[in-house]
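Engineer: Here are the chains, one letter per residue:
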Amino acid sequence: MDLERRRLFGGSLSLGALTMLTGCDISDHDSVQRALAFMSRFNDRVQAAIFRPNRLAPTFSEADAVKNFRYNAWYGPDKSPKLDADQYRLRLAGLIADKRPWTVERLYALPQVTQITRHVCVEGWSMIGKWSGTPLREFLGRVGADTTAKYVGFECADGYYDGIDMATALHPQTLMAFKLSDDILPTRYGYPFKIRIPTKLGFKNPKFVTTIYVTNQQPKGFWTDRGYNWFSGI
Amino acid sequence: MSTPELEVQTHPIATRITHWLMALSILILIGSGWRIYNASPIFNFTFPEEITLGGDVEAALALHNDPGVASAIAWHFAAMWLLLVSYLGFMLWNLFSGHFRRDFLPVGPVSFWRDFYAAARFKLDHRLGEYNAVQRVAYWGVLFAVAMMLLSGITIWKPVQTYPLETLFGGFQGARIVHFLFMSAIVLFIVIHVALVILVPKTFVAMTRGRATAKPHKGGA
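These protein sequence lines map, in sequence, to chains A and B. Residue numbers are given in the working numbering: position 46 of the first sequence equals residue 41, and the series is strictly consecutive. Residue numbers are given in the working numbering: position 101 of the second sequence equals residue 102, and the series is strictly consecutive.
Here chain B stands alone, though its shape is the one from the complex:
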């Protein structure tokens, strides 16, 4: 029996390290961010305390009248450096290694809607190591969202030193809202991203061990 050519997905070590550092820092930033949000909610809801990061609220309250916000802020302003460094590393590496150009371009509305329509009818073929137009848009989108988080985040952190950067977001409160909206977009991305990885677990193997192979198959399986 002749062996058909395998589908191969490889991720260089630099991509894997920066991917997982971004993932870790984003989880910390979301968890602590939700705790900080709860201290002064923008909208008419708060996040359940159990899914936020920042330690035992009751203990912090009893000990020093602090609703666990101190630790959440400390997490947030520690993890932001990790995100900044890993994001810049990821962007620069993939820019110069050609990964962006090779695998994420070109992308346009025509191919996006074509692939989106096919995916919605479960007719989209997928091949390990190749990115369809919907994926390309999603990855560009989340990378843009992280950039906006960093930009709106530094505006909220240092509104005076970065003034008039906040006017870009319609003021200080606008920057908080933008920060919240792009957080929501990233959370949505993570949910879909993780769901798809669960459906095609070899992508997880590729992102951890560096290489995964799959037998070629037909679409719509």
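Just chain A, with the same shape it has in the complex:
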């Protein structure tokens, strides 16, 4: 290496410093968070635009379905709320004509379908499971929900809350899932039912649902309030 090059080598260290950009993390600055939130809302609109209401998520064979499905929550499985079938009532609210609460017995008597679909977690892992239950659109029809409204929201016994766009709520594969692997949904997976949406990331599949409401105001989401994207379609 000649002398001139050696001098220039030193002068170019600033370029090397540029590659350390990820080392000086600016993520927590308010202005950065605002910019990222702006882009996240932009991505909500993009995802709503590319969502095709009748496009089905791929389905798999019985052999692909995992029997021992991964437990996933921000608390351990022993902390799961144990809901009692006799006391449980599903509350309905918002733009719904018939708001009479539902018992587990009545819910489980609804016509059911079975799907073997893939659950995709926002963290990247995925797992195929077998779920059975009533299409949410069937239920919304029965209770006289205003399906021209924009959103359907959920409140859950474990303090979780979330909501989805009406197009996804009316998607044929969006279920009120009463069973996992042919068994009544075990407590830790969300007894008496969870919302199963194969066109959304896993965290948009709330468990232990105690209230369903229909609204024109975008419902808040537990993880959305913690910085995750609201629409989170897949």
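Worth double-checking, as some hints may not be accurate.
[As the list claims (entries may be wrong)] Calculated cross-link-like contacts (lysine-lysine; reagent style DSS-like; alpha-carbon spacing at most 25 angstroms):
#1 A/K215 - A/K94
#2 B/K159 - A/K145
#3 A/K174 - A/K74
#4 A/K94 - A/K145
#5 A/K62 - A/K74
#6 A/K215 - B/K124
[Stated by the list, open to error] Covered stretches of chain A (in silico footprint by chain B; criterion: 3 or more residues with CB under 8 angstroms from a CB of chain B, positions within the stretch not fixed):
#7 20 to 32
#8 94 to 103
#9 173 to 187
#10 222 to 229
Read the hints as simulated data drawn from the structure, not as lab findings. Where is the CB? At the ideal position from N, CA and C, for every residue including glycine.
Starting from the known structure of chain A, arrange chain B on it as the hints suggest.
Structural biologist: Then chain B, alone, in the frame of chain A:
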């Protein structure tokens, strides 16, 4: 004393802007991508947290049980648009301006191995503003890698809406692996690219100010 003809390297403004926007977006995507990878590693290792992008992990954990993945994903899905736009801009501009045809073609295995062999023995002459066959292959390679990142990336982002695109990669998990492998290739490219720029800093001048000149010299210096 007569002045010999200077070697000149010029980059039009469109090339420079799209180059630096791609560079910025790729750095953000790699840093945030490593943080996202750590949340659910494909292989038996994770990236040191300090070189990932996504804010203070301890604070995010304490505040809302989130290992800083929310910000990493927000970065990733913001920077992907910047990369998409700057990449398309770069490709279209260089396609229609003739830069690709003029400076990056032809390229073939014979010239590649000839130049590669010469470079390995430090016998490869370099001239500012001219690209040898190894460089040509490297640039085509990284442009291909970015295209594959975009394709595998959209597959991972929207596996249902783009189905059956994932079958191209051997399924959803295959798309994650492909995404990881082409990331690795891009990181390797960046390391070599930056090392060579440090050795020939005038290329950096050309890519920032638009023009750089050098006295002609003999190879193997």
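Engineer: Hint by hint, which ones does this structure get wrong, listed from lowest number up?
Structural biologist: 6, 8, 9
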